[in-house]
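Undergrad: The lines below spell out each chain.
Protein chains: 2
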Amino acid sequence: MIAPQTAPAGPAGLHNPLDALLGYQLRRASTVMMAHLGAALAETGLTPTEASILLLIDANPACTQSDLGRALAIKRANMVPLMSGLLKRGAVERAPVDGRSQALSITANGQALVADVRNRIHRHEQCFQGQFDAKALDAMIAGLQLIRATVQDEA
Amino acid sequence: MIAPQTAPAGPAGLHNPLDALLGYQLRRASTVMMAHLGAALAETGLTPTEASILLLIDANPACTQSDLGRALAIKRANMVPLMSGLLKRGAVERAPVDGRSQALSITANGQALVADVRNRIHRHEQCFQGQFDAKALDAMIAGLQLIRATVQDEA
DNA sequence: TATTGTTATACTCTATAACTATA
DNA sequence: TATAGTTATAGAGTATAACAATA
Numbered sequence: 042m043i044a045p046q047t048a049p050a051g052p053a054g055l056h057n058p059l060d061a062l063l064g065y066q067l068r069r070a071s072t073v074m075m076a077h078l079g080a081a082l083a084e085t086g087l088t089p090t091e092a093s094i095l096l097l098i099d100a101n102p103a104c105t106q107s108d109l110g111r112a113l114a115i116k117r118a119n120m121v122p123l124m125s126g127l128l129k130r131g132a133v134e135r136a137p138v139d140g141r142s143q144a145l146s147i148t149a150n151g152q153a154l155v156a157d158v159r160n161r162i163h164r165h166e167q168c169f170q171g172q173f174d175a176k177a178l179d180a181m182i183a184g185l186q187l188i189r190a191t192v193q194d195e196a
Numbered sequence: 042m043i044a045p046q047t048a049p050a051g052p053a054g055l056h057n058p059l060d061a062l063l064g065y066q067l068r069r070a071s072t073v074m075m076a077h078l079g080a081a082l083a084e085t086g087l088t089p090t091e092a093s094i095l096l097l098i099d100a101n102p103a104c105t106q107s108d109l110g111r112a113l114a115i116k117r118a119n120m121v122p123l124m125s126g127l128l129k130r131g132a133v134e135r136a137p138v139d140g141r142s143q144a145l146s147i148t149a150n151g152q153a154l155v156a157d158v159r160n161r162i163h164r165h166e167q168c169f170q171g172q173f174d175a176k177a178l179d180a181m182i183a184g185l186q187l188i189r190a191t192v193q194d195e196a
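Those sequence lines, one after another, are chains F and Z.
Position 57 of the first sequence, counting from 1, maps to 98 under the numbering used here, and the rest follow consecutively.
Position 69 of the second sequence, counting from 1, maps to 110 under the numbering used here, and the rest follow consecutively.
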């Protein structure tokens, strides 16, 4: 049972019983890191999602749009505008595999962008990973994966 | 430096270099827990955000709408439809403090809803907290708060 | 029959700007 | 001048349904 709380709130803010909840802390921490990542990527003109797609294509040459959607839990329909932005930008190219699939790859021009994205993400991650020692960081990552695995993964 | 990856993806899916990133794992884990919480609350007709507001008012009688917004990082403008739903439902009532502030409280009728919400959130949290021993859970919560505190808190 | 890529569309969340009335 | 509450609105992000072409 979660005990009802009647203690008065301090001058700094309200008493927040949600602070003890894993889901609440997860959501707030995620929002903080996403905002920080968005700022770190702003100069590239990419959103965190677009940057993720870029890194995933780079690590999986010849993958398809549907593959990416499955890996990142993005619906096929929502992949379309995401991909068309990266294609128009000339960072990604497509080659037909069969009549319906297209193999994705980073263009020669896109390589520099990928490297820049990698550096920016790395610096961003260091801001937060630096708060933990190696053991604690591994425990955090493992814990988060455990949470993800608790329920069958999203679409 | 994040090493470039060239290993082939297994048949189960793509190779995902984002798996080593705290921000990525945070986002995915948060999405999983939010979806699970949404399902746990569905029968109450409340969203996770509305349920959070309810618990926060219950823990902070006579708080204002703006107080809640600050505690939950919800902009004043976005609090309006949230509050009006809870008011129309008869779970929350308002009493004027001065000419501009209104003190919020849970109605007599709303108490049962708060209790139900508390139980549902508790069962939901147990699904995930149950994966950790007490020490690991404390470390997770503390780690998430540390991440939040790394950057000055959101609006 | 299932899958790829696509269009169109709707719904939720979040963000900004502006207004009023109060302090 | 700053704050509480409100309105209107714009922009993301995400969801479903449907379609054509292909496997």
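Keep in mind that a hint or two might mislead.
Same chains, same names: a pair is fine if it fits in one copy or spans any two.
[To be verified] Simulated pairs of lysine to any residue, SDA-like, Cα-Cα distance not exceeding 20 angstroms:
hint: 1; residue 1: Lys176; residue 2: Thr191
hint: 2; residue 1: Lys129; residue 2: Ser142
hint: 3; residue 1: Lys129; residue 2: Ala149
hint: 4; residue 1: Lys116; residue 2: Gly151
hint: 5; residue 1: Lys176; residue 2: Gln186
hint: 6; residue 1: Lys176; residue 2: Pro122
It should be emphasised that the hints constitute simulated quantities derived from the structure, not laboratory data.
Undergrad: Work down the list of hints and note, for each, if the structure agrees.
TA: Here is what the structure says about each hint:
no. : hint             : in the structure
1   : Lys176 to Thr191 : between (22 angstroms within a copy, 19 angstroms between copies)
2   : Lys129 to Ser142 : within (19 angstroms within a copy, 51 angstroms between copies)
3   : Lys129 to Ala149 : within (14 angstroms within a copy, 58 angstroms between copies)
4   : Lys116 to Gly151 : neither (24 angstroms within a copy, 38 angstroms between copies)
5   : Lys176 to Gln186 : both (15 angstroms within a copy, 17 angstroms between copies)
6   : Lys176 to Pro122 : neither (40 angstroms within a copy, 44 angstroms between copies)
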